[in-house]
Amino acid sequence: MTKNPAAVSLGYAPDARDRQFAVLDRTAVAKYRVEQGALRHVLIGDAAVGTCALCGRELPVNLLVAAHIKQRAECSDDERNDLRNVAMLACSLGCDRLFELGYVTVGPDGTVLATPAEGALAEQLAILAGRVSHAHHAASAGYFAWHREHVFERGVRSVVGGGR
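For reference, each letter of the sequence shown is one residue, going 1 to 164 in the numbering used here.
Possibly wrong hints are sitting among the right ones.
For each label pair, taking beta carbons as the anchor points, the in silico distance ranges come out as [stated by the list, open to error]:
hint, residue 1, residue 2, range
1, His150, Asp78, 14 to 22 Å
2, Glu58, Pro116, 23 to 31 Å
3, Ala122, Ala145, 39 to 47 Å
4, Val49, Leu121, 22 to 30 Å
Treat the hints as calculated values from the structure; they're not laboratory data. Built from N, CA and C at the ideal position, the CB exists for glycine as well.
Given these sequences and hints, build the entire structure.
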């Protein structure tokens, strides 16, 4: 009696339908934002930690992004150069994405506003709602007003109207 060794599968076995790549990396020419480094320096400087403008957590700078309050694509060149006011630090642990998608914004009085939600999202938004953002001040108020009108209010209608 011949015993065959046990076969072990790791969940992927190539077959004739799988594409084989002769070259897996290519060089690309890309456009980049020349002010991005300066923007991060204005918001963070040489600090090792910074504070998220939405949740208030003090985090290592590699977990914070220079988040445009008014979407960069919608900014004039003068607004893009308004480095101290057009952006804020937002954590990459969720706040940046929640702001970008319009689930949260900052109201005229500087408090964080949140869209209606259910489940785990509602729990996360409840943590943020009502907090005061240190990024809101007279010079940034117009950018936050733009975000409320063009991103947040649109997001509220989308969420209330049946999802994204």
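Right, here's what the structure says about each hint:
no.: 1; hint: His150 to Asp78: 14 to 22 Å; in the structure: 18 Å, holds
no.: 2; hint: Glu58 to Pro116: 23 to 31 Å; in the structure: 29 Å, holds
no.: 3; hint: Ala122 to Ala145: 39 to 47 Å; in the structure: 26 Å, violated
no.: 4; hint: Val49 to Leu121: 22 to 30 Å; in the structure: 27 Å, holds
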